[in-house]
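Keeping their order, the protein sequence lines are chains A and B.
Here the numbering used here is used: the first residue of the first sequence is 3, the next is one more, and so on.
Here the numbering used here is used: the first residue of the second sequence is 12, the next is one more, and so on.
Be careful, since some hints might not be right.
[Stated by the list, open to error] Straight-line alpha carbon distances no greater than 30 Å define the calculated BS3-like cross-link-like pairs of lysine-lysine that follow:
1) K159/B with K138/A
2) K159/B with K149/B
3) K200/B with K230/B
4) K200/B with K149/B
5) K149/B with K230/B
6) K48/B with K23/A
[Stated by the list, open to error] To spell it out: a stretch of chain B is covered by chain A in this simulated footprint if at least three of its residues, at any positions, have a beta carbon under 8 Å from a beta carbon of chain A; those stretches are:
7) 101-107
8) 132-146
9) 194-201
In short, the hints are calculated from the structure, not lab data.
Just so you know, these numbers come straight off a predicted model, no measurement behind them.
In this text, a Cβ means the ideal position worked out from N, Cα and C, and glycines have one as well.
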Amino acid sequence: MSSPILGVIDYGSGNLRSVCKALEASGASPRLITSASEMSGLDAIVVPGVGAFAHCAENLRATGLWEPVREWAASGKSYLGICLGYQLLFESSEESPGIEGLGVLPGRVVRFAAGDLKVPHMGWNSLRDTAGPLYKGFPAEVSMYFVHSYYPVPADEDILSAQCDYGVPFAAGVSRGALHAVQFHPEKSQAAGLALLRNFLSTL
Amino acid sequence: MLAKRIIPCLDVTDGRVVKGTKFLNLRDAGDPVECAKIYDAQGADELVFLDITASSDGRATMVSVVERTAEQCFMPLTVGGGIRSVEDFRIMLRAGADKVSVNTSALQRPELISEGAEAFGSQCVVVAVDAKRDGPGKWRVYTHGGRKRTERDALEWVREAERLGAGEILLTSMDADGTCGGYDLELTKAVSEAVQIPVIASGGAGELEHLAEVLERGKADAVLAASIFHFGKHTVSEAKAHLASRGLPVRRRFGD
Numbered sequence: 003m004s005s006p007i008l009g010v011i012d013y014g015s016g017n018l019r020s021v022c023k024a025l026e027a028s029g030a031s032p033r034l035i036t037s038a039s040e041m042s043g044l045d046a047i048v049v050p051g052v053g054a055f056a057h058c059a060e061n062l063r064a065t066g067l068w069e070p071v072r073e074w075a076a077s078g079k080s081y082l083g084i085c086l087g088y089q090l091l092f093e094s095s096e097e098s099p100g101i102e103g104l105g106v107l108p109g110r111v112v113r114f115a116a117g118d119l120k121v122p123h124m125g126w127n128s129l130r131d132t133a134g135p136l137y138k139g140f141p142a143e144v145s146m147y148f149v150h151s152y153y154p155v156p157a158d159e160d161i162l163s164a165q166c167d168y169g170v171p172f173a174a175g176v177s178r179g180a181l182h183a184v185q186f187h188p189e190k191s192q193a194a195g196l197a198l199l200r201n202f203l204s205t206l
Numbered sequence: 012m013l014a015k016r017i018i019p020c021l022d023v024t025d026g027r028v029v030k031g032t033k034f035l036n037l038r039d040a041g042d043p044v045e046c047a048k049i050y051d052a053q054g055a056d057e058l059v060f061l062d063i064t065a066s067s068d069g070r071a072t073m074v075s076v077v078e079r080t081a082e083q084c085f086m087p088l089t090v091g092g093g094i095r096s097v098e099d100f101r102i103m104l105r106a107g108a109d110k111v112s113v114n115t116s117a118l119q120r121p122e123l124i125s126e127g128a129e130a131f132g133s134q135c136v137v138v139a140v141d142a143k144r145d146g147p148g149k150w151r152v153y154t155h156g157g158r159k160r161t162e163r164d165a166l167e168w169v170r171e172a173e174r175l176g177a178g179e180i181l182l183t184s185m186d187a188d189g190t191c192g193g194y195d196l197e198l199t200k201a202v203s204e205a206v207q208i209p210v211i212a213s214g215g216a217g218e219l220e221h222l223a224e225v226l227e228r229g230k231a232d233a234v235l236a237a238s239i240f241h242f243g244k245h246t247v248s249e250a251k252a253h254l255a256s257r258g259l260p261v262r263r264r265f266g267d
């Protein structure tokens with residue numbers, strides 16, 4: 003079988019190079035997608051993203067990719083969201099009041115409460131209650147690399163596919179059919195991250 | 012549980028790794044990409060490249076070092092040294108860095124911190140602070156690789172950096188750096204308690220117990236070390252085993 007063709011959504015945000023290199027190392031052929039016309043013939047899209055919610059939302063709208071990405075995710079096609087590409091799936095974020103998310107998943111994105119904990123939540127944290135194809139064959143304890151100050155609270159708890167604890171329990175990842183999204187960075191999570199990407203590719 | 016991070020630091024000049032003792036007397040310790048791969052295999056949690064080259068040729072070399080490392084090591088990578096503008100941030104992030112560390116240039120023009128945070132997010136702005144004891148419970152900030160004294164108090168500066176949008180503080184004790192006698196626990200604790208953002212302790216690691224001390228008593232979130240790892244005295248795996256034996260949360264490698 004030839005390697006799956008993945009469209010990495012390039013909206014001027016995030017470290018696309020690392021995502022592409024990690025996908026290549028996992029056996030995919032990533033393609034940078036900068037306009038809607040480039041989205042045909044893809045097996046899946048990957049939506050990365052770092053930075054602020056509003057900034058990512060604005061950039062995605064500016065490239066004209068907002069609606070195609072929303073439709074893709076909403077129609078149940080294969081989607082992998084990473085960090086902001088996960089948060090954007092929800093309706094809104096406390097980080098950017100008044101800015102709409104893609105609204106593909108019901109729920110909102112909230113900030114870690116200030117207190118004894120350092121924010122951003124930065125570093126390697128262990129996942130628990132993992133479920134679904136992305137975590138297939140994983141050992142009981144696995145850590146991934148996180149860098150974020152906000153996290154989604156999905157209205158539908160049935161879509162949770164990985165949980166994590168940082169002061170509070172939070173949804174580290176969700177899956178709904180072929181749509182998968184994670185708060186951590188598989189492209190920066192060494193062997194564990196590459197294993198997750200390979201698992202994603204094997205769903206295609 | 013969030014793990015305490017162990018971060019090897021590679022000082023790079025003209026594409027080669029060196030380690031300064033008290034910021035002087037440089038010794039050659041190899042090719043940065045090869046070093047990065049070794050640390051990746053040992054399970055280092057992140058890597059820091061500090062570009063100590065002043066020339067523009069050196070800068071171009073550094074971009075290539077970052078690119079080649081990011082192609083082979085799927086781990087968080089911070090690059091610092093000589094970053095003066097948002098454009099410098101962009102170049103390093105494009106090359107594959109995840110975070111950019113600023114020091115002298117941020118002290119000269121603190122808006123650089125907010126500009127970097129606005130353009131790329133706080134998570135990629137690390138403010139490196141070189142501090143030297145200046146009386147009981149007081150530390151002074153130095154610039155230019157520790158050669159130039161400023162009027163800044165270290166605790167005031169880290170608070171300002173946080174307010175401007177820094178995502179992390181990389182704190183080096185100039186008194187401890189290069190001594191191998193242990194981190195400055197008092198300084199690290201004071202800085203860690205002054206800010207809400209993570210603090211990486213740097214300078215002074217000579218034994219594995221020093222790492223445990225600064226994470227526990229110094230309340231650091233991560234430790235940066237160079238000589239202790241570069242010359243094969245200890246591996247990152249040994250360091251993690253030691254921290255784990257002290258009850259500190261460390262990340263185990265996938266499959267271990």
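To see whether the hints hold, each was checked on the structure:
1. K159/B with K138/A: violated, 54 Å
2. K159/B with K149/B: holds, 17 Å
3. K200/B with K230/B: holds, 5 Å
4. K200/B with K149/B: holds, 12 Å
5. K149/B with K230/B: With a Cα-Cα distance of about 18 Å, the restraint between K149/B and K230/B holds, given a limit of 30 Å.
6. K48/B with K23/A: Distance ~15 Å between K48/B and K23/A Cα, so the pair holds.
7. 101-107: holds (count 4)
8. 132-146: holds (count 4)
9. 194-201: Check failed, 0 qualifying residues.
Of the numbered hints listed earlier, those contradicted by the structure are 1 and 9.
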